[in-house]
Amino acid sequence: MTAVAMPALSHLRALEAEAIHVLREVAAEREKPALLFSGGKDSIVLVRLAQKAFAPGAVPFPLLHVDTGHNFPEVIAFRDRMVTERGLKLLVASVQKSIDSGRVQEETGPRASRNRLQTVTLLDAIEEHGLDACFGGARRDEERSRAKERVLSLRDDFGQWDPRRQRPELWDLYNARVRRGEHLRAFPISNWTELDVWQYIAAEELELPGIYLAHEREVFERDGMLYAVSDFVTLIDGETPFSASVRYRTVGDMSCTGAVRSTATSLTEVVAEIAATDITERGQTRADDRASEAAMEDRKREGYF
Amino acid sequence: MDLLRLATAGSVDDGKSTLIGRLLYDAKAVLADQLAHVEERSVDGLDLALLTDGLRAEREQGITIDVAYRSFATPRRRFILADCPGHQQYTRNMVTGASTADLALLLVDARAGLTEQSRRHATIAALLRIRHVIVAVNKMDLVGYSEEAFDDAVRQVCELAANIGLEGVEFIPISALHGDNVVERSAAMPWYDGPPLLERLETIPVEPPAVHGARLPVQLVLRGSNGTRWAAGRLAAGTLKAGDEVVLLPSGVRSRIAEVRDADGPAEAVEAPLSVSVRFEDEVDIARGELIATDPPSVSRELSATLCWLGDRPVRERDRFVLKHGTRAVPARLEAIEGRIDFGSLDWPAAEELRLNDIAHVKLRLGGEVAADAYAQCHATGAFILIDEATNDTVAAGMIRSHRPEGDASGSSTRDYVGA
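Order-wise, the sequence lines are chains A and B.
For the first sequence, the working numbering assigns the number 1 to the initial residue and increments by one for each residue that follows.
For the second sequence, the working numbering assigns the number 306 to the initial residue and increments by one for each residue that follows.
This is chain B alone, in the form it adopts within the complex:
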């Protein structure tokens, strides 16, 4: 049984909590005492949305204010579901929940079609390059299970998807309230010949990163018996085994792997995304923050990135932060805000500052070198966070679009991996 991470997003009244409650309930991931609790609090019938509201303020106000993580399993797959709130002011939570997702489940109300919030969520899914997107067109019961209403929603989403570069979108007409096409195929929509939602969630493939070569960010160095030194970390991409020629970055030192270990001890080979440790043939000097790589990426002090601003205080050009990329932390300066997305027009007009929930194209200058891939090639080595040193808050999520290789002052060979 493998593991699929999915994130759900929808507008306030799209029925997302009801859908999740329905999935958990029909997958038998809700136990009797939890159900009794919901029954007690339900006003009219069984309100499955109550299953996912965790905090006191949420129950009092009837809203969802933070990402909630739910685990459930079917006989075919184990799921970790990040339930992201729909309100605009919690867009940062959608970014957070979606950052680890293999799949985004977006809800659209069959009556309302694409709302401002749905557009925003779909755009975030595209920017975060979530591999699979399922659009659940909900509340089909309220449009008489009409194929035309479904087709209309599909058309709207497809137009948007073409604009924002969202690929691999699939559509399922559902009624979360009545359970149509959630776990069981709906008898009310004979015109739909695809699988119900849960079956699709169980069968959709989980792919490895597209990057060539191995990527091992070093978390710490462990000492074994006889003074052996082991570089430990979580393999972000690829495989490593004894005899592999590797490069340590940013130092550029070359070495060869002598031995690899996984969680169970010495191993033939180790593969992503396992937590591993490796020993070198020679006495190389290695420390936390370095990247062990084959087919290595280039090293840079300048990054072009898409930045999601998560902090409460606005940011302007020249502001300084700590950038954490993999296991490496370096000083960073916001060199330029090149454009901030307008979710309505999907343009990136110029902006003076970034506020909470803004997403922008930026340039960063770093106080130390990082070895990075484009986010599109490998999420783990193409993503970073910015930390405000005064408060220690995590204030931004970044995705690298391109970086300028060290020693290339002209910028003419800047590698732009991602269009847009």
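If we strip away everything but chain A, and leave its shape as in the complex, we get:
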């Protein structure tokens, strides 16, 4: 770590050691893992951790991107450049293809989102590629039901999570066994917070898609959030686009990810803003989690990330 001098066993070093242990353990025990890559900051951290875990060798599994077709173009450009530069293998699963082939039906209306459709595309991709483990960048501080999920989360052959039947996780002895048709979701950065992630990005000087730093963008306000004007969103009467200096705290679809007003144009400034914020990232910027009291829990049971 170059940018920030840290004592031998800082919390970031401890969290990093734990994450690398999980990555190695699953890679050793499972035959065909993949790393779910969204282009968001958490999955970018996960890629860096995977590179560290298997150095001086190469990352022994591909990245899997579930492409909703409603992405920020900056994120797709970043993704393609990153996999090329770092010699990584990328699999892309397309929600548009799932829609075209009739596997899922697109939501309609001005608040339509492809968020929920991703689950079918993801499960199809897991089956198609014969994956038996998927690494994800989910963190326990993100949302209430995630605080209860194990680091290794077993999914049945329908991709379902059963919170009442979770394997106990003791010490650092992970049980990565699965039966045919089942797979694992493995969350190496379960115990990280949003601030940990940003501190790590700053310490490691990780490159991020530009939308994470403050930039001028055409936005409009809906339900108290700022959304980007794009082809994927239809304005409702009374919504007026305007230009503002914003950055993103999370990266999801353009249709359901809100921006925050910010002038932070460097990682250091972003870390300072995150440290001082008084609202969670999902509460502030994700319409998909606001749907109901147990929105995330319900989607996870269905096989969501």
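There's no promise every hint is true.
[Unchecked claim] Chain B is faced by these chain A residues, among others (derived, beta-carbon under 7 Å): (1) A28; (2) R30; (3) D141; (4) T193.
[What the hints assert, rightly or not] Coverage of chain A stretches by chain B, computed from C-beta distances (three or more under 8 Å per stretch; other residues unrestricted): (5) 84-91; (6) 96-103; (7) 251-261.
Treat the hints as calculated values from the structure; they're not laboratory data.
Where is the CB? At the ideal position from N, CA and C, for every residue including glycine.
With chain A fixed as given, assemble chain B onto it according to the hints.
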């Protein structure tokens, strides 16, 4: 800033969720939208317990059914808190949450004193050898902040602690509801001159394992350029550097470290608990499941252990499992159930079978050798899990008390590391 892992446990109405909510709230780890959510759902005043109930069934039934992990930080320390449910049927979750803890925070109701559940939690903390235990005597507001009530609870816990070998216990009188001695020192209890809870959590030291020597369970072998082979794993104890003489176990092959790497690349030396990789001076044959050690432990096919049964189905002698110890998995057979703890009398009477939440002294026979330390010496190399091969479920947590070195048929030199 370093990292402290703590586990909380208490009986159903000890006010544990309220205390955690209070810690998170006063440490400013609760953000506005989470607070708005709690305010919306609170019936009478701000119900901080609502901060920690994650699952739909918990909200519907008003209970906590699974371990929840919470992260928070103060300017002095980063914390990972495992919130363990209080109900008896979820004792396995207490074992799970406590297994990684540097510190156990046990709640006792100042009015009720030690309940059956508190006894159980304290005993589990002792068996899991959690280094630090803080007993928070809660609901002091309901006993008029009385020093006598506090002393009474302290006396009860100390008696129990002496019986179960629980060491390093500290006591703090608190009111989670009103915040007395949680983050701020309480004005209502001038007779208490110790620190408030959060200050103690921030300053308590985190110690390394007591074992001598280095322990590196090999997770996998990585290939570098020029065909170099690197054994990768998480260092469980000690340090390693170039030139160190090591033994590979259970094979017993000796070698010398040529080079070490940590997460950032080549390093002078690496230390526990970092994830590292090492290269040997010669072409030793090494694979997942082996242990690289200095001052090595002995190797055995027989273990004496304390076993916490976590499976839904009962287990009897002669049942078979897969034992996972470090990165090694071997067949295992439950040879004998020597005694099952009675949490009331704290005796270990004989038992025919073990059921969910039972804790017992057992003997296991293994289908392969393992190189193990006593759990008291090093948690990472003294702990194991049992996996049911039919279901793949993790059905037991084990802590090694002693093992019989290979080649010692008499058993006379069996090393018993832990009394009891």
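How the hints compare with the structure:
1. A28: Holds, about 4 Å.
2. R30: violated, 12 Å
3. D141: holds, 5 Å
4. T193: OK, holds: T193(A) within 7 Å of chain B, min 5 Å.
5. 84-91: violated (count 0)
6. 96-103: Result for this restraint: violated, n = 0.
7. 251-261: That given contact is violated, which follows from only 0 residues of the region 251-261 of chain A lying within Cβ reach (below 8 Å) of chain B.
The earlier numbered hints that this structure contradicts are 2, 5, 6 and 7.
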